[in-house]
Amino acid sequence: MSVTSTTTLDSQLTATWGSANTYADVPMVMSGYTSRLWPHDCQPQFWSKYQVWEWLQQVMDMHQIDASSIPFQNFDMDGHQLCSLSYQDFIRAAGSVGPILFHSITELKWSGQYHVEIGQMDIKPENRVKNDLFFLSVNLEIYDPTIHPLAPAASPTPSSPDIKRSYSRPHQVKKHSPRGTHLWEFIRDILLNPERNPGLIKWEDRTEGVFRFLKSEAVAQLWGKKKNNSSMTYEKLSRAMRYYYKREILERVDGRRLVYKFGRNARGWRETEK
DNA sequence: CATTTTTTTCCTGGTT
DNA sequence: CAACCAGGAAAAAAAT
Numbered sequence: 001m002s003v004t005s006t007t008t009l010d011s012q013l014t015a016t017w018g019s020a021n022t023y024a025d026v027p028m029v030m031s032g033y034t035s036r037l038w039p040h041d042c043q044p045q046f047w048s049k050y051q052v053w054e055w056l057q058q059v060m061d062m063h064q065i066d067a068s069s070i071p072f073q074n075f076d077m078d079g080h081q082l083c084s085l086s087y088q089d090f091i092r093a094a095g096s097v098g099p100i101l102f103h104s105i106t107e108l109k110w111s112g113q114y115h116v117e118i119g120q121m122d123i124k125p126e127n128r129v130k131n132d133l134f135f136l137s138v139n140l141e142i143y144d145p146t147i148h149p150l151a152p153a154a155s156p157t158p159s160s161p162d163i164k165r166s167y168s169r170p171h172q173v174k175k176h177s178p179r180g181t182h183l184w185e186f187i188r189d190i191l192l193n194p195e196r197n198p199g200l201i202k203w204e205d206r207t208e209g210v211f212r213f214l215k216s217e218a219v220a221q222l223w224g225k226k227k228n229n230s231s232m233t234y235e236k237l238s239r240a241m242r243y244y245y246k247r248e249i250l251e252r253v254d255g256r257r258l259v260y261k262f263g264r265n266a267r268g269w270r271e272t273e274k
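Residue numbers (UniProt numbering): 1 to 274.
These are calculated hints, taken from the structure and not from any lab test.
Errors might be hidden in some of the hints.
As the list claims (entries may be wrong) - Restraint ranges, calculated between C-beta atoms of paired labels, are given here:
{"id": "1", "residue 1": "L214", "residue 2": "Y243", "range": "21 to 29 Å"}
{"id": "2", "residue 1": "G199", "residue 2": "S231", "range": "19 to 27 Å"}
{"id": "3", "residue 1": "T207", "residue 2": "N74", "range": "41 to 49 Å"}
For clarity, every value in this text was computed on a predicted model and none was experimentally measured.
Every residue, glycine too, gets a C-beta built ideally from N, C-alpha and C.
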């Protein structure tokens with residue numbers, strides 16, 4: 001293969017997101033979206049201890065903070081208790097990471113849209129480690145816009161002995177697509193996180209679910225980063241996108257290049273989900 | 001561990 | 001010409 005354009009998208013991306021990813025003290029406040037996706041009753045207030053644990057892991061992951069830097073024991077509580085903690089409580093419980101956690105939970109509280117699946121979750125410590133290594137191995141230091149609030153994120157799950165699917169409820173969560181590891185979800189999550197989406201993809205028609213890639217190669221690069229595949233290209237990514245037509249996850253939009261449209265089988269992108 | 005689903009690679013050929 | 005779009009094939013990766 002001939003390595004054609006080796007234009008460093010890295011620099012382009014890092015330049016765009018720049019230092020915004022260094023969380024000295026909660027810089028960007030996501031005041032952006034007012035969406036209320038996922039009508040799930042998975043608001044932090046109702047989280048189980050286990051879910052609180054997951055949330056912790058995810059936040060740590062997305063900020064690339066070593067999980068051992070905060071005493072998890074301090075968060076041995078359920079969602080209700082977690083939500084009642086004050087900013088100071090967070091500082092006390094997690095030190096310098098406190099603000100980040102506080103910011104995260106605050107966001108989740110008012111937007112009530114996290115969506116963690118308590119059903120079946122593979123619980124393997126290895127996954128955690130694998131994820132951490134993944135992040136560490138990534139040369140780019142860009143902030144992955146897809147791992148925030150509504151994104152289930154790549155991080156599968158940490159291990160937690162007892163509390164597995166303890167949560168009662170006749171028919172557990174029916175969803176069977178954990179992590180947001182699918183391409184279309186990745187794309188969706190970028191669209192849903194405008195604050196951290198430096199013009200990579202843009203809504204063309206928000207209510208119709210039409211969007212357009214502004215920086216095709218950059219998105220491919222980001223996708224590749226997530227899949228730990230540095231040779232991802234838009235050419236290849238787009239092939240995968242085209243397979244979604246058949247499954248009606250995407251609808252074809254011809255004529256306009258780099259434009260796609262969510263189909264009836266794509267969920268979670270509407271501002272006011274059913 | 002086997003099967004099925006998704007994604008990745010590669011490619012030929014057409015289009016903007 | 002460069003950058004896309006369309007799909008077919010086949011292989012690799014992920015799920016289940």
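Against the structure, the hints:
1. L214 <-> Y243: 21 to 29 Å: Roughly 22 Å apart at Cβ, these two residues keep to the hinted range, so it holds.
2. G199 <-> S231: 19 to 27 Å: 24 Å, holds
3. T207 <-> N74: 41 to 49 Å: 43 Å, holds
The structure fails none of the hints (numbered hints given earlier).
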